[in-house]
Amino acid sequence: MPPSASLLDIKYLSVAVRLQGRQIDIVDRVNLGLARDRTLAIVGESGSGKSMLAMSIVRLLGDAKRFAVSGKIHFDGKELLGLPEARMREIRGRDISVIFQDSLNALNPVVPIGRQIEEAISRIGTSSREAGRREMLRLLDEVKIPSPERRALSYPHELSGGMRQRVMIAMALASKPRLIIADEPTTSLDVTIQSQILSLLRDVRRENGMSMIFISHNLGAVAAIADDVAVMYAGQIVETGTAEDILSVPRHPYTRDLLLATPRIDRPGELRPIPGVVPRFDSMPFACRFAPRCRGAREVCTQKPPAPAEFRSSTDQQARCFFPAGERHVATA
Amino acid sequence: MKYVSTVMAAVLFAGMQSIAPAPAEAEQILRVGIHGSEAGSFDPSMSAETIDNILTAWMYGGLVRFPPGTIDPSKIEPDLAESWTHSDDGLVWTFKLRPNVAFHHGYGKLTAEDVVYSLKRASNPKTSIFASDFAAFDKVEAPDPATVQITLKHRVPSLLAIVTAQRGALIISKKADEETKGEYSKKPIGTGPFQFEEYKAKQFVRLSANADYYRGKPKIDQIFYRYIPSNESRDLAFRAGELDLFYGRKEQKWAERMKSTPGIIIDVFGPGELRLINLNESMKPLDDIRVRQAIAHAINHEQFVKFVGADVVADNPSVVPIGYLGYTKDVPRFKFDVAKAKQLLKEAGYPNGLTLKVLGSNRSFVEPYQLLQAQLAKAGINMDLQLIEHPAWHSQIRKDLSPIVVYTAARFPIADIFLTQFFHSDSAIGQPRAVTNFSHCKAGDKDIDAARVETDPEKQLKYWHEAQRKIIADVCAIPLFDEQQVWGQSNKLDLGYKLEASISFGPMITEKTTFK
Amino acid sequence: MIRFILGRLLSTIPTVFFAASAVFFCARILPGDPAIAILGDAASQEAINTLREKLGLDQPLMTQYGHFLTGVLRGDLGNSMVSGHSVVAEVADVFPYTLELTIFAIGFGVLFGVPLGIVAALRSDRLPDYVARVISLVGLSCPAFFIGICFILAFSIYWPIFPVIGSGDVVGQAGHLKALIPPGITLGITFLAFVARSARTSVMEVLPEQFVRTARMKGIDETKVILGHVLRNALLPIITVSGLYFGILLGNAVITEVIFTRPGLGKLIIGALNSRDYVLLQGLTIIYCVIVVVVGLATDLISACVDPRLKLT
Amino acid sequence: MSPLLDVRNLRKSFAVSRSFLAPKRYVRAIDLVNLSVERGEAVGLIGESGCGKSTVARCIMGLIRADAGEILLEGKSLSEARRRRNTRAHERLQMVFQDPYSSLNPRMNIEAILTEPYRIQGKLSVREMRERIVRLLEEVSLPSDSLSKYPQHFSGGQRQRISIARALALRPSLIVADEPLSALDVSVQAQIILLMKKLQKVHELGFLLISHDLGVVRSFCTRVAVMYLGRIVEEGTAQQVLDDPRHPYTVALREASLPPDISARDRLNKIQGEIPSALDPPLGCHFHPRCPRAMARCKSEVPGWSVLPDGRRVACHLYPQAAAPSATQSDKG
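Protein chains in written order, with our numbering: chain U, 1 to 333; chain C, 334 to 849; chain Y, 850 to 1162; chain D, 1163 to 1495.
I should point out that these hints are in silico values taken from the structure, not numbers from a laboratory. Treat the hints with care, since some could be wrong.
One side of the interface only, derived from the structure: several residues of chain Y facing chain U at Cβ under 7 Å [unchecked claim]:
id, residue
1, K903
2, T912
3, Q913
4, Y914
5, K1027
6, G1068
7, L1080
8, N1082
9, P1157
Virtual Cβ for every residue (Gly too), placed ideally from N, Cα, C.
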């Protein structure tokens, strides 16, 4: 797939935060591309910067004064970083939607959910209130919420976590966007509900011909839904590739260790933790950021940073490592 | 922010627009500001409050009255009675009523029956708080509709004083009282120049001119009598032109400050309210006359007058307010002499001075208390002053709980009443007929009693003078000064008489009162 | 709902009972005698005793208490010792004045305080915020009597727009509103400061909430985000503090009523205290209790309307 | 010999009043639970949120009082011990909580946190306490300079180690761990699992692990009980229950637990619906509305226990029931 087909193209994107007078990069020179009609998962543990990366795309980082975003974000031929806020608001209302993690807090507690969805519909210029309402009910139906008429009047706290997440999805679909960013959408849900929501996300993405950025720390969820995967560690992307490649033949030691550290039902005996902890942002290792925890680290790993992994095409697997594992059997042994 | 202030301005502006100024009227409206917060009672025999008495004085007449602006008992003139006579023994008094006096609001003509009814009502403790003033009455009768006859049990110093138009002696309509079944205050009907129209609770009383007033139709058409307890508010309301006449403050500072207000006249008038330092003779150590004398010597009168203000007080050496029938200036006075005071204390057995626990009211006289404290301290008398709430103070001093009681009072301007209430042993605290004899004084008893029944006015005066001298010599009380009434009025208001004193403690509004 | 309201009202009966009993005994422990207050200084002991008898003050304390309680149970708050009118009538006379005053003050405070607080929160640590903070500081730190006098000096003496005194009843209905504005603003300005401050705080608290981000995600106007999402959620604490503030407002109303010479509950209670009008005091306590309860109830009902998460239990 | 922990016929309901004066309604959080843990055995209690598993833990810990049933620790009744204020029984039983952030007092340093149990017990001298806590730190692999630090200086994993050290202080025989890993990152989860495994072996500790993560339970536990809406539906060894589940609910759980490989894609959305409210549970088998194999009798009859040939117990009508209808599973409405 040629790069021009990319819906979203991110180049050298950095997000810095001001902390006690110092600029600290939480996202460090990320390069990423998202093809049309595909799901890209950004995987990483908490604090890896994956949510920051995603929120900087839609400029929803919260207190704008505290963050400095640099680099380039090309979305469908437009450069998003330079856009004035009013234009950016248009993009958010029409082209890119976000599904947030904590659905209880992400929905306005004092407004019925139907109204909250209608509000999102109103942005795309639906002719009348009645049409907006019909569309809202259709969306509720699309996300498989039973008896939408009645549910539209419910308040968020009256719904279960799964139902709320469905509402979030309906809201994200309302503007018929081309890109959906789903930020840990199943994290606080039970496994059975997680399975339902993942399946719903997969279906609506396909049916509406959208692209999706799926952010998660759960490798199982990623495996279930992603076409491509970017693994983040300590603010950097350390490995990119197709889901199949990354999960079966991880090349970066972090990806490999992460897979081995995940408790699995089918392989109960193989649990192997990653030693140490994620470094803090104010004391990042200068060279390879994973080196202090890496079992295969050599001298060079602590002397200079490896070249960044760059996502070029979905068939291309890259790892930000001096000594990436080369062969399939190495990882799965 | 800009938006907020715009909205604010708009709302304020809109508010003002909706409020068109009241149309100017040709009517003469007198707006009075008084210091109380609400009316007590419009029933003249049910309220001793100044704020009520001032008002009732405009609404009612009595058999006789003081000419407006004075309270000289020798100038008492006819009011509802045209003339009067009395029997030789002074026990039977006959009054001829003025014909064609009408009660307000069509309650008919005044008859002797109304007068009899009013006076009987005023002497009945169930319907009157002034009943004791009428204790000497034996009978009140109406031999004919135009004649009232009063028979006394014994001689009194001056019967006319008792029936002078004020408080309980004001004449009400019998019919009105019977109609209201004991709640007369709701429908006060009198014969005075102004008649009651309405009372807006805690706000104002509205009076209107009594067109049929027997001295002529009043020039003022309406009176708003407004209750404004806050001193500052009355001052400001006057400055804003919302009042024509208002109760001032008995303070030099206030008088001086207000003088600069354009269009104001400060009225200072009688009766003075005498401020007395009552010393309780029944308690140690004040039971020793030397201690009382020491206190008297320790007091610097000059300093006191200066402190409170020469414009609003008058120095008074006697124990009766200035100008009362029977008053005399010719009394012994203790010179300000600290050394003498100390000497006396030493003789009394207090070489190192002594301490007195004194209760004071938090509402009045707070600053002068401190001056008194300072003066006494120089003579070695430590006054341990405890200021308490006014109502509490009133009840405490009526239980002999304070050896020194600083008290301010005015009474009907005849020496007898003041002397009896404050210095006759019958009125001493703890007695069945106790009034305000806080000092348990008995030095003047004989002279007060003698004066009461004396027929010869000259001799009567002598008894009263003697009583004052004896009381002062015994140091039952130390007089400080007379506190005058202080009011402010617009210079456009013409009261129609010279205001020297007023029995109601407030200016009389008569038929002649008008705006210039 | 009705059950809830009834339950709440029922549950206040003990509170009212204890408050009234406390006032009953406290008033009688305080030195001071209503008879003296009524009759004046010159009254003889005889007259005082007669009146005490008439007022029932000569009876044993517990007997008086019994009378009081049975009266309250019958819904009879008794007659004022001073004026002789029934307490209910006395209150009914002046209550509308206090009510209109407090409503005006609350309206004024909310109308200007909420926008002020919002603007301050949105422009925090910038000029509008400082202006709002200064207004709040002035409103909260200046006692009502000071503000009142300043108001009179400015708008009645210097620019004679408003009357100094009274409820405006003297000059008729138009004057009524005019007379309400100065005391209303005086009373309301502290409330405004209070509301502005709590609005600022609660808006600041709501702003970083995730649903605000969700609203922005939808791409709707910032104004709609603020009014439709932030404010609705920020309203709840504002309503709560306003309800709590109501008690303070009633207290401040006393001072305001005195300065502006308005009739009202505040003036009534001061008068009752000074003249030791026990019956009126007791009655007023009960009425104040009921007012506070009703306001609390109203606050809860409004809160429940604003926030569906609150259940009325 | 009696089991280490024996929970017999436990029941617990919570009163919910909907409005003032309205009749109270009851949520049956624990319908009827029998459970045992042997010495040195790790038992997993799994189920979706709202199934009552945390209530079981809180009943065991005495944090709430059960309505009925008996809890025996080492053969002695815990409720009896609590009534007599016998703290000895309590010392043998410790808990590790889910949230390592709020379960440690931020105003106490680690030394204070760890010595607290000793100080309450009041048997040891200051020096002995010091020795003990240094040894505790070693056991949970925390650096020895940690003592003077405060909880906020530690990462989530380290805090959970502190929690475990505190639980170990009084040498308990049983640790109840309520979702001890769910707040941790994957790489750290594995560390804690291995730590718990080590402690289990060294001290012959019994563990009751409450978790919704089947992978974690499979990696750590030897025996598993599956709970659904207040009842245990399947119980057996971890291998039996998780590798070859028999109860349809366990099967659904197993399906919904996504492995981090591409096979996850085929496992989505195998179970429909959400767990019903315990306020109004379905009649018969609680699971029947979601069960793909539900039969007519499931709607009315509460299934009794079936003991399968491999020794596990299943409460499902699909399996032949024990001769007498079990007294332990009945719906007393």
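Checked hints:
1. Contact between K903(Y) and chain U, as hinted, is not supported at the beta carbon level, the nearest pair being about 59 Å apart and thus beyond 7 Å.
2. Look at T912(Y): its Cβ only gets to about 55 Å from chain U, farther than 7 Å, so that hint breaks.
3. Because the beta carbon of Q913(Y) sits about 52 Å from the nearest beta carbon in chain U, more than 7 Å, this interface hint is broken.
4. Given hint, Y914(Y) at the interface with chain U, is violated; its Cβ is 49 Å from that chain's nearest Cβ, farther than 7 Å.
5. Because the smallest distance between the Cβ of K1027(Y) and any Cβ of chain U comes to about 39 Å, over 7 Å, the interface hint for this residue is violated.
6. Look at G1068(Y): its Cβ gets to within about 2 Å of chain U, closer than 7 Å, so that hint holds up.
7. Hint status for L1080(Y): violated, given a least beta-carbon distance of 10 Å to chain U, over 7 Å.
8. Interface hint status for N1082(Y): upheld, as the beta-carbon distance to the closest one in chain U is roughly 6 Å, under 7 Å.
9. With a cut of 7 Å, the hint placing P1157(Y) at the interface with chain U holds, because the nearest CB-to-CB distance is about 4 Å.
Violated hints, in rising order: 1, 2, 3, 4, 5, 7; the structure is consistent with all others.
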